[in-house]
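Q: Now for the letters of each chain:
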Amino acid sequence: MKQFRSFIRKEFYHILRDRRTLFILLGMPVIQIIIFGFALTNEVTNSKYAVLDNAKDIVSQKLIQRIEASQYFEGATRLYSYDDIAKAFRKGAIKIAIVIPPHFAEDLGQLHTAQVQLVADASDPNVANTLVNYASAIINDFQQNEFNKDQQLPYRILAEQRMLYNPQLKGAYNFVPGVMAMVLLLVCTMMTAITIVKEKETGTMEIMLVSPLQPLLIVVAKAVPYLLLSIINIISILLLSVYVLEVPVQGNLFLLIGESILFTLVSLSLGLLISAGSNSQQTAMFISLIGMFLPTVMFSGFMFPVENMPKPMQVISNIVPAKWYYTVVKSVMIKGVGFKAIWKETLVLTAMLFFFLGMAIRNFKIRLA
Amino acid sequence: MQPDYAITAKDLTKRFGDFTAVDKISFEVSRGEIFGFLGANGAGKTTAMRMLCGLSLPSAGTATVAGFDVYRDNERIKKRIGYMSQKFSLYEDLTVKENIRFYGGIYGRSDLFIKEQTGYLLQHLRLEKEGNTLVRALPLGWKQKLAFSVAIFHEPDIVFLDEPTGGVDPVTRREFWNMIYEASAKGITVFVTTHYLDEAEYCNRVSIMVDGKIEALDSPSALKQQFSAASMDGVFLQLARKAKRTEG
Amino acid sequence: MEKIQVNGIVKTYGSKQKKLTALDHVSFTVKEGELFGLIGPDGAGKTSLFRILTTLLLADSGTATVNGMDVVKEYKAIRKQVGYMPGRFSLYPDLTVKENLAFFATIFQTDVNENYSLIKDIYEQIAPFENRRADKLSGGMKQKLALSCALIHKPTVLFLDEPTTGVDAVSRKEFWEMLKGLKQQGITILVSTPYMDEAALCDRVALIQDGHIMQVNTPADVINGFGKKILAVKSSDMLSLLQLVKQMPGVLDAYPFGEYHHLVLADEQVKLDFPGEVTVKETAPDIEDCFMLLMKNHAA
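Those protein sequences? They're chains A, B and C, same order as listed. If you want the working numbering, it's the 1-based position in the first sequence plus 20. If you want the working numbering, it's the 1-based position in the second sequence plus 1. If you want the working numbering, it's the 1-based position in the third sequence plus 2.
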């Protein structure tokens, strides 16, 4: 026990004395949250738009008011003909035009169907897409409220999850779980792998092996400081997301932290496994980045929705631990569900933990070659 | 500028903060001379050598290398010198020929020159068969001899050797010194540091640094006489024991 | 009692096509309390042998015991009883002198005070710099700290892999003084070095080259076994003198040796004529002379 404590103390000296790395480790989540939460978000607010209201009835007026009231659209330009639309776009004055057909209210009232045309400037496809989604959502929302019986607008509305659980359509909801997965993976996997390989490089591992120290103890002691560091990161990400990005934690906070620690442990054991197979810090870093970080970005679902991927890719995504963790965080933090809804994901992560840890211990070399 | 001198240093000083690593050293090295540059660990040898190679600017004093001023012309100096150290000399993951090509290339030698000289060099080192072998696979002694050949490949005026023979077996060590003599006979000035004090005897003149200063500078036989020591070992120990400095 | 026994150890690296033999049937024994030197250049196989004996590496064939225990089967027990200082500077550069020592003490299940008397003489020299980070120490001080760390658990056998490489002559002398002191405390020491002059400071030495042990003997007997007469010659022009003596009949070998050239003569009867200004004297062989002769015989 004393050996263990002394080993951990030494690890803390290493971490605390390397101020620059420590700063990066603790600052990274903050910076990522800010970058993803604000800068990189695909949210588009206060977009200039135009309305061509051919109906000019009560319902169309109400719809326009509703659109104007949202934070996404502002400064409506009134148009009077189709030609005006093209002109407005060419001037760059608007990003989207909403065309309401004549007899809008009548059609709705009698035929129960009506069409609204959304015209967007697709030279920036992302913005166009987002704005069309926003507008559709507002129209959908509008018709649900106004005609809340079995009436339906024939307009096909994209029923995205985000809109179900994210009524304000906040992009940050998607990024917080993603950033958590990324930061934990980066800190735990890469840093543990590097710190163990560093001892091989400096030759201190030789002495460690020659000592009566249990190999398992070396492995575990290396991981402990990064577990603590990760808990700090989890807390700072949650604080930032609640107080800065205003993404509340809907579910049980302790369940969320518990699941995060589970994922941290998975990442740590992956780091240990990588260290067993690398002899230089460079190799360890490359394997961590390319083998772990990229798949996390690609397959966890926070950058690119997994459901839209081809079938083989979806299958591959299942072996990426971050995918499961991402689902857990989204479920607990944003949907506010309890353990019952995520037991399957928890089980997968636990199985992964035992598998990777077992492999890491098995592959830990008690000799040099 | 004295044309007969390959290196001149006058009150050359290097300070790091309030630590004076090299403290007003003055000496001249003649063309073609083999100059031994000795000193205990931390005496300031490496710092002094870096200033002469144009890698680090002196804090005070003057120095010329191959006739060029170390303050103003350090880029020119670099073209006229060769450098080899025990720690870094050749790329282990390149073959013998690739290493020669690479170094010939950085000094801007023509392809024809490189090709001709490579053949000659390999023959001279009896490495003809190993031209396409990775340097990693060569025995240490061969590596060091090859590294030296590469360091003088571009026919520099001066070659700086930093502990070139560390860990090399006694036979190869002597073969290495033979190569140094050959280079010196061709007019190349050799500036060498070593921890083997018997090698100090092979130098024309030897300087011994203690705590940043040159405490002794003369031919090995004159030094032995001056310190009434039987060998250079004795001279070195007498001087180095006086050292007070502990920094590395 | 034999503290270390090495029996026909073979170690090769690389694939079958390009095999590199690091150790070729190496055998020797080290007695209790002996200061035993493994003398040979870099690449001779010294480090591989050290790693096999400290249980870090498995040999291809052959057996070895340390303290009577097998290095393969009883590696755990050996690891508790030996001290090891690897060739590379293997301390934590970002920890202070004190922290390094305390850390190594705990991983070897002891504390600094328990065996302090053993390292007292060595550690006192670096104690004034206790709070300095290890990477800010000079070469000699690093070496003392590494030795203190290797000794802190009072090992019965100490393995020192090239402790004096790259260290200046003064620090080397001091280091050997320390080893003598440790030997007097009854510790068996196996030390490797590429510096031939250090052989004379050992009780017995093994001369190793290309994975092959050329001789195991006391330094005095290595020299006595040289069996050839050596002349030391010098003149004002050493280079041409060397060319001259190399051509002389009866001269087996001639090479520079400090301020002289050494001439190894074929037998006692050889009489040589030198130009007037050449100083000639008969001299006793040095370990380095012996090593070179053995290398030549081995190559032939």
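Hints are computed from structural coordinates only; laboratory data are not their basis. It cannot be assumed that every hint is accurate.
[Stated by the list, open to error] Partner residues aside, some chain C positions facing chain A, computed with beta carbon under 8 Å: (1) SER92; (2) LYS100; (3) PHE105; (4) ILE109; (5) GLN111; (6) THR112; (7) VAL114; (8) PHE131; (9) VAL172; (10) LYS175.
Computed from a predicted structure; not experimentally measured. C-beta atoms are modelled at their ideal positions from N, C-alpha and C, and glycine is treated no differently.
Q: So, for every hint listed, does it hold in this structure?
A: Each hint, compared with the structure:
1. SER92: This hint holds: SER92/C lies near chain A, its Cβ roughly 4 Å from the closest one there, short of 8 Å.
2. LYS100: Constraint on LYS100/C not satisfied, violated at 11 Å.
3. PHE105: At 5 Å from the nearest chain A Cβ, PHE105/C passes the 8 Å test, so the hint holds.
4. ILE109: holds (5 Å)
5. GLN111: holds (6 Å)
6. THR112: violated (10 Å)
7. VAL114: This interface hint is violated because 11 Å lies over the 8 Å limit.
8. PHE131: violated (17 Å)
9. VAL172: violated (25 Å)
10. LYS175: Given a least distance of 25 Å, the restraint on LYS175/C is violated.
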